[in-house]
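Trainee: Each chain, written out:
Protein chains: 8
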Amino acid sequence: MDVKALLEAVRDGNMGIEEAQERLKELPFEDIGFARLDHHRQLRKGFAEVVFGPGKTCEQLSAIFARLAKKSRAVLATRCTKEQYEAVQKKTPGARYHEDARAITLLNEPVAPIGLVAVCTGGTADIPVAEEAALTAELFGARVERYYDVGIAGLHRLLTVLPEVRRANAVVAVAGMEGALPSVLAGLLEAPVIAVPTSVGYGAGLHGIAPLLTMLNSCAEGVGVVNIDNGFGGGYLAAQINRLAGRKPEERL
Amino acid sequence: MDVKALLEAVRDGNMGIEEAQERLKELPFEDIGFARLDHHRQLRKGFAEVVFGPGKTCEQLSAIFARLAKKSRAVLATRCTKEQYEAVQKKTPGARYHEDARAITLLNEPVAPIGLVAVCTGGTADIPVAEEAALTAELFGARVERYYDVGIAGLHRLLTVLPEVRRANAVVAVAGMEGALPSVLAGLLEAPVIAVPTSVGYGAGLHGIAPLLTMLNSCAEGVGVVNIDNGFGGGYLAAQINRLAGRKPEERL
Amino acid sequence: MDVKALLEAVRDGNMGIEEAQERLKELPFEDIGFARLDHHRQLRKGFAEVVFGPGKTCEQLSAIFARLAKKSRAVLATRCTKEQYEAVQKKTPGARYHEDARAITLLNEPVAPIGLVAVCTGGTADIPVAEEAALTAELFGARVERYYDVGIAGLHRLLTVLPEVRRANAVVAVAGMEGALPSVLAGLLEAPVIAVPTSVGYGAGLHGIAPLLTMLNSCAEGVGVVNIDNGFGGGYLAAQINRLAGRKPEERL
Amino acid sequence: MDVKALLEAVRDGNMGIEEAQERLKELPFEDIGFARLDHHRQLRKGFAEVVFGPGKTCEQLSAIFARLAKKSRAVLATRCTKEQYEAVQKKTPGARYHEDARAITLLNEPVAPIGLVAVCTGGTADIPVAEEAALTAELFGARVERYYDVGIAGLHRLLTVLPEVRRANAVVAVAGMEGALPSVLAGLLEAPVIAVPTSVGYGAGLHGIAPLLTMLNSCAEGVGVVNIDNGFGGGYLAAQINRLAGRKPEERL
Amino acid sequence: MDVKALLEAVRDGNMGIEEAQERLKELPFEDIGFARLDHHRQLRKGFAEVVFGPGKTCEQLSAIFARLAKKSRAVLATRCTKEQYEAVQKKTPGARYHEDARAITLLNEPVAPIGLVAVCTGGTADIPVAEEAALTAELFGARVERYYDVGIAGLHRLLTVLPEVRRANAVVAVAGMEGALPSVLAGLLEAPVIAVPTSVGYGAGLHGIAPLLTMLNSCAEGVGVVNIDNGFGGGYLAAQINRLAGRKPEERL
Amino acid sequence: MDVKALLEAVRDGNMGIEEAQERLKELPFEDIGFARLDHHRQLRKGFAEVVFGPGKTCEQLSAIFARLAKKSRAVLATRCTKEQYEAVQKKTPGARYHEDARAITLLNEPVAPIGLVAVCTGGTADIPVAEEAALTAELFGARVERYYDVGIAGLHRLLTVLPEVRRANAVVAVAGMEGALPSVLAGLLEAPVIAVPTSVGYGAGLHGIAPLLTMLNSCAEGVGVVNIDNGFGGGYLAAQINRLAGRKPEERL
Amino acid sequence: MDVKALLEAVRDGNMGIEEAQERLKELPFEDIGFARLDHHRQLRKGFAEVVFGPGKTCEQLSAIFARLAKKSRAVLATRCTKEQYEAVQKKTPGARYHEDARAITLLNEPVAPIGLVAVCTGGTADIPVAEEAALTAELFGARVERYYDVGIAGLHRLLTVLPEVRRANAVVAVAGMEGALPSVLAGLLEAPVIAVPTSVGYGAGLHGIAPLLTMLNSCAEGVGVVNIDNGFGGGYLAAQINRLAGRKPEERL
Amino acid sequence: MDVKALLEAVRDGNMGIEEAQERLKELPFEDIGFARLDHHRQLRKGFAEVVFGPGKTCEQLSAIFARLAKKSRAVLATRCTKEQYEAVQKKTPGARYHEDARAITLLNEPVAPIGLVAVCTGGTADIPVAEEAALTAELFGARVERYYDVGIAGLHRLLTVLPEVRRANAVVAVAGMEGALPSVLAGLLEAPVIAVPTSVGYGAGLHGIAPLLTMLNSCAEGVGVVNIDNGFGGGYLAAQINRLAGRKPEERL
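Chains as they are written, first to last, in UniProt numbering: chain A, 1 to 253; chain B, 1 to 253; chain C, 1 to 253; chain D, 1 to 253; chain E, 1 to 253; chain F, 1 to 253; chain G, 1 to 253; chain H, 1 to 253.
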């Protein structure tokens with residue numbers, strides 16, 4: 001018995017008030033409005049569905065991808081090998097592989113990107129993580145510009161691109177080793193900086209712990225940090241902020 | 001000689017092109033436009049100036065506070081003792097002490113708060129950090145609502161306030177011990193969640209490292225993390241996002 | 001409008017089915033059965049209410065304690081100073097201070113203790129944590145026996161008390177330094193062992209991290225670990241298991 | 001000379017009291033009752049014998065497994081590869097491989113499962129560890145229900161299964177990444193929660209240290225933690241508690 | 001009934017063999033020879049009894065000390081304050097305070113020291129820990145020579161004392177900061193080196209973790225390490241080895 | 001429009017002062033003198049260009065190497081496999097592989113080495129890192145002497161080479177395990193010691209963290225530390241100091 | 001010019017006292033007696049030469065081994081693969097491979113083993129490290145008895161072998177996981193216990209850090225700890241102590 | 001008998017060659033030239049003697065200081081309280097207290113400072129450590145310029161002072177929190193950068209571990225790191241390099 005049937009029974013006098021109250025408590029949550037909890041999730045998923053590649057066999061991944069491909073505007077599979085892509089591609093011919101980002105995407109209904117997210121890296125070795133961030137932000141609706149290899153060891157490169165970066169609603173700053181790029185950027189920009197530490201480096205880099213700590217201790221305000229190598233998380237958060245900046249005033253509180 | 005004088009000398013034929021080029025390179029950076037680097041900083045500071053209290057004597061703090069009080073719309077001094085406040089209050093009678101937040105504020109020109117930032121805590125012990133976040137967000141222009149003691153150990157409390165929290169442009173989630181509040185919120189909300197771990201707890205809480213790791217490993221997307229006990233950083237980032245959401249469309253790219 | 005009024009309106013034809021469905025979704029959770037989430041919590045609280053002492057002023061603690069004392073069978077305040085107790089005692093004369101456990105208790109309605117929980121310590125310095133565990137287990141309904149200073153450096157002491165310890169439904173093993181007591185006990189007992197590491201020790205004890213790791217790596221099965229110095233958590237879990245052992249068969253699934 | 005012979009010699013006057021006393025002290029421990037130390041162990045082993053697979057060659061494992069298979073009601077080999085299984089299966093045809101759990105089991109004498117243990121996971125990647133826990137609990141006599149992928153990022157899924165989970169005597173909560181599932185469950189349940197952190201995750205997950213810390217710092221009481229990825233330990237402890245709940249009253253103290 | 005009575009009952013025909021066997025298993029361990037487990041402990045304690053000062057009130061410590069003083073050749077109380085000493089001295093007038101070592105000793109029956117233990121320190125700040133080691137070794141029967149401030153930063157000082165140090169049966173090497181003294185000594189000596197890291201230092205010294213790691217990674221063989229600041233443990237182990245070296249050949253296997 | 005054209009326009013009256021000022025601010029930094037920021041970098045690069053091998057495909061590395069080979073006096077590629085070298089060698093026949101150092105070098109214009117840098121190792125396993133340091137120092141202009149396997153476990157070897165090492169302007173001390181070599185050297189030498197910890201060792205060596213901490217805690221002054229296994233960094237810093245020592249007096253301040 | 005020639009020149013009047021003094025300072029250290037520093041090392045090496053296998057090619061290892069085989073009573077190569085052995089065996093036919101210990105040994109001149117070293121392990125997985133310890137102790141002259149799989153989870157096994165273990169001059173206790181074996185042994189034995197933590201275990205075992213910490217925090221005195229998996233170091237230290245115990249009285253101080 | 005007497009005995013025929021050889025080996029090291037080991041140390045100490053204040057009583061410190069004041073050109077006592085200074089000042093009236101640096105200095109014979117060392121800080125809270133560095137460099141003979149509060153959060157301040165900083169022979173870069181200043185400076189400068197992390201910060205700053213890691217992972221070459229808060233070590237190393245740069249060419253190799 002679902003909520004509607006229950007209410008009809010009450011209306012029609014087939015169920016007493018007390019029994020109805022009791023029954024309401026027993027109904028699965030989704031039947032009495034709790035699905036609402038996941039309401040905005042569906043809205044977001046309207047943008048894209050995401051799958052995490054590692055640990056899934058080619059069969060599993062291609063099956064999941066194909067299922068999502070049917071009901072979603074866009075699909076993103078992160079951290080996939082080329083072999084996983086080839087399996088996906090057989091079942092979902094429109095899927096595309098992004099070698100740098102190690103990601104598979106499918107875009108069923110392109111929409112016009114809005115706003116601007118800038119994705120910056122300290123070095124070239126940070127590019128795979130940055131590409132994951134950029135792809136994610138694009139699939140979740142953002143226009144994205146990339147500024148790679150602008151780390152603090154060669155400050156002039158960073159200063160050269162600064163005027164362009166300044167136009168973004170949110171900046172994803174990806175860096176390994178000493179990880180100081182987000183701090184420097186936050187000191188120079190008005191927009192929020194999403195800091196993504198990478199495991200690039202060795203020794204006292206501690207597989208990314210060193211840049212993570214650097215970013216958490218930023219003496220410039222306006223820096224939010226995500227997990228090591230979490231390009232997806234960084235891109236998602238930036239797209240979320242960018243979308244917020246893009247909301248029409250009447251949608252605002 | 002500044003840039004203007006230099007250009008006039010060129011115009012008037014008092015300096016050759018080559019010499020002018022050479023001189024430009026030698027000028028202090030601020031004279032050739034580099035002060036621009038700090039331009040947006042001044043704009044932001046238009047909102048509020050911030051002082052970090054610890055390690056400053058009463059004399060030092062009250063002097064700095066008084067100087068900032070003269071030129072700024074608002075002043076915020078964080079992590080101050082009551083003794084520091086009393087010294088500040090003597091020189092700047094309008095200053096107010098917020099005992100919970102351990103903060104001193106001065107508001108010279110109140111402006112109408114915009115948007116909405118929600119500040120939530122897991123427990124009552126997290127309130128000092130949360131108050132620092134809330135005060136910061138308010139001073140930087142945001143309307144703020146507080147939802148305290150809504151941690152995951154009593155999930156019904158959290159679910160009860162959820163509809164209200166959902167209206168915020170950005171949510172600051174402050175939690176110690178296991179620090180799972182930001183993850184749970186991010187799974188239920190569309191807005192970005194700024195996660196602030198606190199040093200509340202003991203033993204394996206490792207002075208806040210445990211909730212910090214929890215927040216960085218959030219399996220719900222849309223979480224940006226700041227340093228342990230960094231209420232100021234969390235409130236600032238939320239206000240920054242909230243302001244972005246409040247920009248008029250024609251201000252957008 | 002609460003659920004009952006809503007259902008009556010439906011019954012009386014004053015509200016359509018669709019509107020009622022919509023309204024149900026908007027009602028605060030507690031009104032539509034969600035309070036049930038906390039139902040068993042109230043049942044447990046029927047045993048005892050717990051307050052965490054540190055960080056609370058004497059005024060705050062005595063007020064909270066007095067409020068709980070009115071509606072609860074028993075009240076436990078953990079990690080309290082003698083000064084906090086004196087403040088509590090003024091408002092709640094029946095409150096009693098346990099110096100070893102640094103705890104304040106009030107017992108409004110004594111009930112007959114059931115089953116058996118054994119609380120063991122490695123050394124004498126672990127006794128404060130053990131006493132917190134023992135008091136907690138008692139307040140939550142368990143009969144408790146204490147076996148202190150039976151650590152592995154003097155194995156004969158441990159073996160001497162073994163026959164008695166073996167009769168318990170659950171054993172709380174409290175130990176600092178190398179923290180091997182729970183492993184040794186679990187190898188000798190049929191009952192579950194709740195391991196409580198303490199911060200007793202110095203240097204490479206790392207404030208309790210060393211015994212915590214020891215306990216997590218127990219090569220004997222049947223050990224569940226709680227946080228460092230968390231006597232309350234250990235005593236609670238043991239009492240929970242002991243109560244389970246005490247359930248009558250017809251209460252079982 | 002064993003104890004019996006010694007006592008007979010005393011009875012028959014062939015040995016003096018003093019000499020007998022002296023001899024008793026010299027006898028190997030097992031001869032004077034010490035085997036009793038391992039008495040309950042044999043009882044438990046009556047349920048199942050356990051072998052740890054890693055580091056053993058196919059030959060070693062299959063030999064050990066075959067030997068145990070002869071004298072035990074059930075045998076469990078954990079963390080085994082498919083190759084190890086194939087070797088085992090040759091010598092012990094009745095052995096069965098559980099691919100998800102990476103475990104080999106043999107069940108010589110099925111017994112009716114008792115009580116109820118619920119095994120929950122945060123995500124799908126935690127399933128191998130959860131399956132190890134579930135299999136272990138089953139082999140040690142418990143009825144087991146599985147609730148997978150009910151992590152806190154999608155709270156509605158967890159709430160949906162809550163009424164069923166609530167019926168268990170003990171709950172095994174398996175989670176990686178931020179590892180908040182046990183805390184949330186403990187806040188909603190009356191039964192003890194056995195928390196099993198997994199090494200699922202990356203970067204600041206620190207190979208499972210992050211969820212381990214989360215679980216140790218649970219602000220909800222009633223959580224006992226085992227080692228990272230230790231599904232066996234979690235399942236064993238839950239079965240132990242479940243069996244306790246299943247004891248008949250006259251077996252209780 | 002004790003073992004003797006039991007054997008007599010068997011001898012006199014008042015108890016059957018089977019019943020006697022059964023009873024033996026039930027007797028407390030100490031009654032059937034298990035006290036033997038602690039036999040050698042008593043022998044060692046014949047040298048000295050040891051109390052750990054921290055966490056004990058003046059009353060507790062002085063009472064324990066007085067009790068041990070009655071039955072033991074020597075008493076050592078480690079890590080004691082001067083106030084603790086004054087309390088001890090009132091009840092046990094012969095007690096002596098060693099300010100450097102923060103130790104209280106009582107020597108009821110002096111015995112001739114045997115062999116030689118050398119105690120070396122890297123710097124002057126390591127002396128308190130070294131004095132604790134030296135006093136301990138002396139109380140447990142060793143002749144002790146002290147070589148302080150012979151750290152590796154001034155290698156010539158170390159080389160100067162080397163010929164003397166070489167005569168020791170065991171060497172205690174106490175060092176903080178980089179903690180390289182034990183390695184250097186072990187490379188130059190035939191005797192075992194007991195390495196005692198100290199918490200002397202700051203920053204990356206990590207309260208003694210740095211020298212502890214150094215000592216564990218010694219590339220010279222012949223180094224055994226004890227806990228940070230554990231002068232007692234180092235002195236005890238050295239005295240133990242020294243005593244072994246002092247055993248007469250016929251006592252050896 | 002570049003700076004020269006802008007100034008000419010001002011001179012010729014084709015651009016007003018205010019517009020020129022505004023335009024200057026907008027010009028890319030490199031056009032208004034900011035390239036100066038990187039001026040000394042080019043000078044240094046005049047010595048050698050450096051590429052980091054790991055993570056680059058053979059194609060990428062050989063292409064980058066060939067490009068640098070055209071414009072630079074010397075090229076150094078660090079941490080390269082033999083396969084990478086073979087690819088490089090095809091495009092740049094003059095390239096040479098240094099198996100010990102895992103480095104590829106090209107020397108277009110040999111210059112006379114100056115000064116003296118000594119490179120010492122504790123053991124033979126540290127040689128690859130030391131060779132990277134030595135090669136780097138040589139390519140950046142230093143005369144280099146190697147003293148390998150002179151660790152502190154065999155102090156006489158170290159003392160034997162001391163008189164030679166003492167002649168160096170800077171000493172690179174490479175050591176794993178307990179990593180005490182730099183401290184001992186700094187206590188014996190007047191020259192700065194650049195300490196390079198290596199990941200040689202196991203267990204509590206923590207992949208090089210142990211010697212890193214040792215070096216940071218050196219009780220001898222005059223030690224600067226670089227990252228674990230960072231032979232390049234150590235060699236570069238030593239060459240930098242050596243070059244400074246080689247500057248003619250009139251170049252000095 | 002060596003010392004003898006110098007002294008002869010002085011004697012013969014060919015060199016003045018002052019010049020001779022000056023020359024003495026300049027002589028390489030080995031020429032003026034410093035080789036003495038390594039004197040006892042040669043004596044020890046008289047027992048056995050040791051090579052560390054990892055990182056050496058088959059060619060390198062077999063060459064080193066062959067060279068040592070010519071001049072030494074015994075040779076030990078630790079942590080070697082079977083392939084390394086096969087290469088060694090070709091050049092040194094008498095070499096023998098110990099698969100458990102992963103060691104190669106050559107015994108040119110067997111000597112009668114003296115004293116007694118006991119080598120114990122907690123589990124079977126610790127045997128490779130224990131075998132390395134046992135082989136080392138044997139090659140350095142000790143009689144060795146092995147007691148494997150006597151860990152604390154099955155205390156009766158340990159107690160059974162205790163009387164035999166008690167006869168040893170030194171005990172090597174090898175254990176992973178919780179690593180409590182050395183503590184338990186030290187509480188029961190008079191002899192020094194050399195504790196060797198192993199990397200056996202997983203998760204919170206932290207590759208051997210957990211048992212290492214356990215051993216350093218032993219509440220029983222008389223425990224010296226070596227690096228994780230350092231069977232060689234443990235066996236060497238035990239043999240060193242055993243030899244000391246074996247010294248004739250007239251060799252003692 | 002010293003070396004001279006020995007040689008005279010040889011010369012005079014009172015001692016044979018062999019006996020002289022033997023005696024030489026037995027002489028204390030300092031007598032046969034080993035004091036030379038500390039030769040350069042005396043030269044350096046010619047600049048200044050250094051005492052570490054913490055842990056010394058006022059009496060101890062003032063006595064040591066007075067003794068050094070008699071024989072040395074300059075004396076530096078680091079990390080001293082004002083009370084310690086007052087005690088020192090009584091015995092050594094010329095001593096001066098530097099409140100910022102928490103240091104006491106005495107300058108008996110001023111010498112003209114040479115070269116240039118620049119000391120920079122990220123923030124104002126780093127000044128105490130920086131002042132310790134600056135004072136140290138000055139006492140060891142360097143001319144020093146201070147550039148404080150030029151951290152990367154306000155990059156324009158750093159760029160403004162860059163031309164001046166560029167003239168230094170060595171730069172000490174002192175920074176806490178994210179600690180990125182040394183990296184940024186090394187990317188912009190030709191001179192070596194000595195990086196001094198400070199414990200300024202909180203939470204994930206881990207008492208200075210975060211900036212320490214940042215500095216060790218610098219992606220700009222030319223950075224040598226010292227211990228956290230080790231201003232003395234940083235200043236010493238910079239002065240050492242500066243002195244090297246100041247050596248006259250004929251003093252060079």
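Please note: incorrect hints may appear among the correct ones.
What the hints assert, rightly or not - Covered stretches of chain D, going by a simulated chain B footprint (3 or more residues, C-beta under 8 Å):
1) 88-99
2) 181-189
3) 206-220
In short, the hints are calculated from the structure, not lab data.
In this text, a Cβ means the ideal position worked out from N, Cα and C, and glycines have one as well.
Trainee: Now, for every hint given, state plainly whether the structure supports it.
Mentor: Here's how the hints hold up against the structure:
1. Counting residues of the region 88-99 of chain D whose C-beta sits closer than 8 Å to any C-beta of chain B gives 0, which falls short of three, so the coverage hint is violated.
2. Counting residues of the region 181-189 of chain D whose CB lies closer than 8 Å to any CB of chain B gives 5, which reaches the minimum of 3, so the coverage claim holds.
3. Counting residues of the region 206-220 of chain D whose beta-carbon sits less than 8 Å from any beta-carbon of chain B gives 12, enough to reach three: the coverage restraint holds.
Hint 1 from the list above is the single one not met by this structure.
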